[in-house]
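*Asks:* Spelled out from the first residue to the last, the chains are:
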Amino acid sequence: SQQGEEDPQALSIQEGENATMNCSYKTSINNLQWYRQNSGRGLVHLILIRSNEREKHSGRLRVTLDTSKKSSSLLITASRAADTASYFCATAYQGGSEKLVFGKGMKLTVNP
Amino acid sequence: DAGVIQSPRHEVTEMGQEVTLRCKPISGHNSLFWYRQTMMRGLELLIYFNNNVPIDDSGMPEDRFSAKMPNASFSTLKIQPSEPRDSAVYFCASRPKTGAWGEQYFGPGTRLTVT
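Chains as they are written, first to last, in my numbering: chain E, 1 to 112; chain S, 113 to 227.
These are computed hints drawn from the structure, not numbers from a lab.
Just so it is clear, the structure is predicted and the values come from calculations on it, not from any experiment.
Some hints could be false.
As the list claims (entries may be wrong) - Chain E side only, calculated, beta carbon under 7 Å to chain S, not exhaustive:
| hint | residue |
| --- | --- |
| 1 | Ile13 |
| 2 | Gly16 |
| 3 | Glu17 |
| 4 | Asn30 |
| 5 | Asn31 |
| 6 | Leu43 |
| 7 | His45 |
| 8 | Ala92 |
| 9 | Lys99 |
| 10 | Phe102 |
| 11 | Lys104 |
To be verified - Each pair of labels, with its calculated beta carbon distance range:
| hint | chain 1 | residue 1 | chain 2 | residue 2 | range |
| --- | --- | --- | --- | --- | --- |
| 12 | S | Pro196 | E | Ser12 | 27 to 35 Å |
| 13 | S | Arg153 | E | Thr109 | 35 to 43 Å |
| 14 | S | Ser139 | E | Thr109 | 33 to 41 Å |
| 15 | S | Pro193 | E | Asn38 | 26 to 34 Å |
| 16 | E | Glu15 | S | Arg197 | 33 to 41 Å |
| 17 | S | Pro173 | E | Val44 | 24 to 32 Å |
| 18 | E | Val44 | S | Thr150 | 31 to 39 Å |
| 19 | E | Leu75 | S | Asn164 | 35 to 43 Å |
| 20 | E | Lys26 | S | Lys209 | 26 to 34 Å |
| 21 | E | Ala78 | S | Ala184 | 36 to 44 Å |
For each residue, glycine too, the CB sits at the ideal point set by N, CA and C.
Input sequences plus hints: build the corresponding full structure.
*Replies:* The structure is reproduced here in structure tokens:
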């Protein structure tokens with residue numbers, strides 16, 4: 001399967017702490033994207049990192065990409081209760097169609 | 113902008129009945145994707161369209177599923193006949209013209225329960 005895999009599958013932290021989520025994938029990519037899903041809602045795009053980029057920031061989010069290890073990490077700094085959600089990585093594979101392949105997601109709980 | 117609109121938000125039907133899910137993409141977006149989400153299988157791409165043309169339907173589980181996009185502002189996903197294993201949340205997403213593999217904008221989903 002080309003599906004990305006998030007790790008850990010669940011994480012529970014206190015408000016103010018940092019949360020790190022990892023994603024591994026299997027084949028060469030054009031880009032990797034992170035999405036958030038609040039309970040009962042659709043997915044919301046957070047950030048996109050291209051295969052020739054190593055790090056990207058957006059507000060409290062920091063994403064890194066290591067194409068040699070086929071892995072990415074999403075860091076949320078100074079977490080808030082509102083960050084409680086499921087987080088998905090999605091990979092856009094080179095040479096294939098334009099579709100994204102989503103991992104199964106990781107549940108983050110931020111306790112107030 | 114209204115975002116991606118899906119209807120109905122919830123659908124409960126009996127096995128064997130026809131189910132039609134509807135999606136209105138964001139105006140100006142030229143790609144549309146249908147996904148299914150379950151606990152067991154996660155988020156699966158069923159089919160996607162570029163400029164109203166189906167490009168990849170390899171994720172459609174079987175002939176009971178069909179999708180159409182008659183114009184740039186409307187798409188349907190039909191299941192006929194429905195089965196209990198079709199119970200899932202179905203999402204529609206659209207993507208702007210800014211390039212392949214770009215970010216997708218998801219609708220709120222339709223929660224389908226087949227009894």
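*Asks:* Would you mind marking each hint as holding or not holding in the structure?
*Replies:* Structure-based check of all given hints:
1. Restraint check, isoleucine 13/E versus chain S: the minimum CB separation of about 23 Å is more than 7 Å; hint violated.
2. Because the beta carbon of glycine 16/E sits about 29 Å from the nearest beta carbon in chain S, more than 7 Å, this interface hint is broken.
3. Nearest Cβ of chain S to the Cβ of glutamate 17/E: about 27 Å, over the 7 Å cut. The hint is violated.
4. A distance limit of 7 Å between C-beta atoms decides the matter here; for asparagine 30/E the minimum to chain S is near 5 Å, and the interface restraint holds.
5. The interface hint given for asparagine 31/E is met, as the beta carbon of that residue sits about 6 Å from the closest beta carbon of chain S, less than 7 Å.
6. For leucine 43/E, the shortest C-beta to C-beta distance to chain S is roughly 4 Å, which falls under 7 Å, so the interface hint holds.
7. Given hint, histidine 45/E at the interface with chain S, holds; its Cβ is 4 Å from that chain's nearest Cβ, closer than 7 Å.
8. About 3 Å separates the beta-carbon of alanine 92/E from the nearest beta-carbon of chain S, less than 7 Å, and the hint is met.
9. Nearest Cβ of chain S to the Cβ of lysine 99/E: about 5 Å, under the 7 Å cut. The hint holds.
10. Nearest Cβ of chain S to the Cβ of phenylalanine 102/E: about 4 Å, under the 7 Å cut. The hint holds.
11. At a threshold of 7 Å, the smallest CB-CB gap from lysine 104/E to chain S is about 4 Å, leaving the interface hint in force.
12. About 33 Å separates the C-beta atoms of proline 196/S and serine 12/E, a value consistent with the hinted range of 27 to 35 Å.
13. Between arginine 153/S and threonine 109/E the CB atoms are about 23 Å apart, so this pair departs from the stated range of 35 to 43 Å.
14. Judged by the Cβ atoms, the range 33 to 41 Å given for serine 139/S and threonine 109/E holds: they are separated by roughly 36 Å.
15. Between proline 193/S and asparagine 38/E the CB atoms are about 33 Å apart, so this pair conforms to the stated range of 26 to 34 Å.
16. Judged by the Cβ atoms, the range 33 to 41 Å given for glutamate 15/E and arginine 197/S holds: they are separated by roughly 40 Å.
17. The hinted window of 24 to 32 Å between proline 173/S and valine 44/E holds, with their beta carbons roughly 26 Å apart.
18. Checking the proposed 31 to 39 Å range against valine 44/E and threonine 150/S shows it is violated: the Cβ atoms sit about 20 Å from each other.
19. At roughly 39 Å, the beta carbons of leucine 75/E and asparagine 164/S sit within the given window of 35 to 43 Å.
20. At roughly 29 Å, the beta carbons of lysine 26/E and lysine 209/S sit within the given window of 26 to 34 Å.
21. Separation of alanine 78/E from alanine 184/S is about 41 Å and conforms to the stated range, judged on CB atoms against 36 to 44 Å.
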